[in-house]
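Undergrad: Each chain is listed here by its residues.
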Amino acid sequence: MMLPLLLCAALAAGGDTVQDSWTIHAERVYTGTGEVLKNALITVQDGEIQSIRPGRSATEDALQVKAVTAGMIDLSPRVKMDTRSVEQAREVEPELSVAPALDLFDPAWERLAESGVTTVLAAPLDRNVIGGMTVALRTAGPTDLAARQWSLPRPILRGSMGSAPSYGNHPAFGRPTDCFSRRPTTRMGVEWEWRKAFFDAVQATEDPSKEFAGAEELRRALAGEVQLMIQAWATQDIRTAIYLKEEMAREGFGNLDLILDAAAEAWREPEILLRSGAAIVLPPFSADGRTEDNAFMAWHRDVDLVNQGVRLCLSSHGAVPAAARLDRQAGLAMRAGLTFDQALAAVTTTPAELLGLTDEIGTVEVGKDADLCLWSGRPFEATSRVVGVLVRGELVRDPR
Amino acid sequence: MLSTLTLAGVLALAPAHEFALHSGRIHLGDGSVLEDATVHVASGKIVAVGTDLDLADGIPVIECEGELSPGLIGLRDSSGAGAEAQDNTRVVMAEAELRFAFNPDHSQVHRLVENGVTSVVFAPRSGSNLIGGIAAVVKPSGRILVPRALLHIDVSASGAAKGRYPTSTAGQYQELERLFSAPEGSIEELVQGRMGVLLEAETRHEVQLALDFAMRHHLRGYLVHAKRAGDLAAAVKASGLGVALGPFLPGEDPRHLASAVALAEAGVPLGFAVDGSRPLPSALRWSAAACVRAGMKRAAALRALTGGAAELAGIADRVGMIRPGLDADLCLWSGAPTDPSSRLLAVYIDGENVYQAPVKETVEEDEE
Amino acid sequence: MKTQKLLLPLLAATAGIVGANDKYAIKAGQVITMNGDNIEDGVIVIEGGRITAVGTADAVKIPWDAAVLDAPEMTAAPGFVQALTNSGMDRPNETVELAPFLDVRDSIDPVSFFFEDSLRAGVTTLNVQQGRNCVIGGMGMVVQPYGLTVEEMLVRPRSGIVLSASPKSGKSRATQAQALRKAFDDLHRYLEQLVAEKRAGNDRARREALYQGRDLSGERGRGRAMEGKAWKVEGLELVPRGEIDEKQEPLLDLVEGNLDAYFYCSAAAEVRLALSIARDNGFLERTTLVLGPTCWKAADLIAEAHVPVILDPSLVVSDYDRREEKFKDVFIPKVFADKGITFALTPRNQSNESMWYEVATCVAHGMSRKDALAAATTTPAAMLKLADRVGVLKPGADGDVVLYSGDPLSQTSFVEYVVLDGRLVYDRSKDVRTRYLLEGVRPEGTSAEGAEEDHDHGEDPCGGGAGPVGTDSGSQGGGQ
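Residue numbers (our numbering), protein chains in the order written: chain X, 1 to 400; chain D, 1 to 368; chain R, 1 to 480.
Hint data in this document are derived by calculation from the structure and do not stem from the laboratory. Treat the hints loosely; a few may be bogus.
[Said to hold, decoys possible] Under the rule of at most 20 Å between Cα atoms (straight-line distance), these lysine to aspartate or glutamate pairs were calculated in the EDC-like manner: (1) Lys430/R to Asp288/X; (2) Lys334/R to Asp398/X; (3) Lys328/R to Asp288/X; (4) Lys162/D to Asp87/D; (5) Lys297/D to Asp350/D; (6) Lys326/R to Asp398/X.
[Stated by the list, open to error] To list a few chain R residues with every Cβ distance to chain X over 10 Å, as calculated: (7) Asn133; (8) Gln178; (9) His188; (10) Gly228; (11) Pro240; (12) Ala360; (13) Ala364; (14) Gly366; (15) Val425.
[Said to hold, decoys possible] Covered stretches of chain X (chain D as the covering partner; in silico rule of three or more C-beta atoms under 8 Å from a C-beta of chain D): (16) 78-86; (17) 173-179; (18) 346-360.
Just so you know, these numbers come straight off a predicted model, no measurement behind them. Just so it is clear, CB atoms sit at the ideal spot from N, CA and C, and this is done for glycine as well.
This is chain X alone, in the form it adopts within the complex (with noise of 0.2 Å):
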């Protein structure tokens, strides 16, 4: 009996007692799909959008705020993302998945939920060159990963350019010391394992002796069944990400669909990326632009991307101060030079396109899951806040 108390009080961050069904009214309704509905009511049942329709509500329990959109999806939030979620002792290890170390019971998770937050796509750290699957989960519910876990159409691999996977390591002079007497400790040598582990995994289907852990993965990569996530701030990574796709292609092995995550420096290369079909997650805007792998974010070039045609994420890497989060990245973007459809798009329906998600969130639609951001004003100004956040129908932040 003691149990289910305590699971609830664990849980539920509302009370004793978990509410499933709820009734919205916002002043405005951002839905995501282009439309704005003035005074909505919104009802929520069994963890999905019931109605949506117009007037006030009829009960004086309804939640009443400014502003509703989709809750907001992070495709690079950083969280859990420690030494414990990446096997360093390989540097290509794409059989793995990021999902053992998830610790769903870190108040971080939480505090991202509270933040607006709704769904995320953890990743493995990167220090490794491939370092693993990603798991796309609900950042609140139960703490039990199969019941906050999505079920991606098409999967994405998490691997990094650059000086990450390489940091750190050091050449064996004599008897290695420990796993970082590794390869590569070098950018080329990034590069190179990139292309030999692709390599290998096309061997092996012609010589099934040289078959290997991870390389069923890396051909479904190839088949582009499963996406590719790659870390590259600078633009010498990120051209060498696409090229490494175009070479893939080339090579006749396949046809890689990227992601290019904390590409900070991809305003450099806007011919190569549109030639390249590959989608972009921006790593958060800094003042004066300076980011790491001594790449520079011009502010406007780089949200400018998405008027000619990139899908453009944006992400928090997991930031704490109220002034840094995802809505907070969201307005900043508008103020580097996105209308407000293509800041919302950012941050909701373009994330949950590259999940493949789109039937079930990223808007505010009747039969959506509910998974909703109520605001106390105009979204992403920094005149408002998120006030209120339901996900899967449940209200994990309460505006009242």
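Assemble chains D and R onto chain X, guided by the hints.
TA: Just chains D and R, lined up with the frame of chain X:
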């Protein structure tokens, strides 16, 4: 004062082979108590226990001023082993047997006796081993009760090796699954149910994964170091695993104690560990007292110190209770064993009086 | 691209006497005055550096010879007032514990990017004070973020001195408290000794003052009875003020209630110390607390002492409640507002948390726009004793006006123009650094892309190899 002297006097005269102890309260070890009862011991074993024993003439009956209980059992200990309790030359030390590190002459082992601990699971200490070795059940008297009792598997952060495979959670389970896919030696015994597991998992997340793993491979045994496992009490109960609680120290996080109480209320088999980061035999009874203070039933706490722990260690047919046929491992306390202010007066291992509290004149006078 | 034009009357332009007649007018679609209601289609007239009229276009006549900034789509507002900063200086801290004899005017760097960034963020008045790594710091001054010399930047000298209740590095709270108390005890003893020496006919202090070339003329040559509320030294009127050691005089000014004090408290536990030092030495009424984010926990104590506070830029702090295992956001200004404590906001000008953002954050958390804006304009102006001059657009005030492309608190608005004392000192369309940040285009005449990185690595591409022997490559390379 008088009776204490009597007791000491009689002990000096009585032959060790056959005797009886009479006490106002005898805790049998399963939570039940006999009032005004006698334990009959012969050749190191318990022959009989009851309120109305028919003892043959000539068997000395020792009058005990205090409460009798079975000897306490520590579910994880490495007293006296020092650095021998952990070998990190390799990540997987599945065939390392801890009994070879057991030194009954070490002063730390004597400390066990002085705290009423008569059996311990002598286990590897956590370091950077995924599998630390095979724990033995030993008695501080030097007897090795079960040489290959439980296999220590560490899926906590400490089990993730620094600088070698596996460094990650995913790698830990990848390696475990590899080992369990073609089990040999101790792992085979584990999979076949002939050996238990001493599963080290610290955070709730680690416990979650560890429970999944144990259920996947139908393991029996218990969790150690899992101080918040009570938040997952239903899942722990469903797994069939027990939990070795503690050691709890003064100032322990109240959530750890609440966790212990929740486990007890969910009916999870419980015991107490002696060894956290170092052997602390005195913490065993303190841990039980802390649990009682946090709301655990006194009988449940005492059972976890004795009969319950014996079941988890797989030695319930040998020790842990005051029952005919079991080893005569007994403790005499000045009051309730789970009351931290009770004093340990005497300890018997295999019927032998291995410890006798020094008579404290000043204390006695104070009480008068 | 921009529709706004700077309309210069023909005569003024040809004669080049815009500066000479010192008349400047701003027409804006919206004027936020911070002095009553906002004005639609407003006009601000500035003459001789001071505002002479603010009103609607119908009501205010623009002098025929004024330069006019016509910005019908923009919003004009008073510049933000930053109640305290330690930036814009060459190193903000001195190693000595007691440095009241120092003056930040010797440390302010007029060409520091900090001031440029402040201007860009719409901050037009800043109180520059020594850093918090001290026991008692030097004299601060109020400046505007424009000018080639400190004198040009000056708004008000001697704006007060800083004290710190937070331990100077290497100290504990206890030794910091001891050092603060000792400073005033030492002052007391020093003054008594001066009086005793004077009474005994000993003129050591006078000789020392003369030797150091201190001013002993006029007021400085006369003694004055000690003022102050907390404690007094009898007979101080015997000692000419010019004879008082300059290490001690600013402290005497504090005790006499003639100087403002800015007291740093990084944690709530330090507030009590700061207040007791200020109270025991009679300058509580002239004390402003400069608070770290967690000091909101001492709000009751602060309310009781009736002192104003300057807030840290982090307005929302995430407190981790270990018992409930939850993060709880605390919005700090509300804590102070609810207790009636006067507070000023401070920005991080070189981050995304500049002053408009701080004000907007307050609005997001339920404060009225008026109150939120006041905390960045009129309130800090009053703290700096400049209530009639800055933070407000009204006749008589300094001619400092910021023009925003839209609502100052909107994500998509930017500071387009800044006018200081009736001079246009910032024009975003000509701001090369903003252009670099937004467009990635380096200003003309600066080093080409990539050169900066080479420079950072400290490797002169020809230096090392070109040198005759493997000695100091820098100097050798330069000589080739």
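Undergrad: Which of the numbered hints are not met once you compare them with the structure shown?
TA: 3, 5, 12, 13, 14, 18
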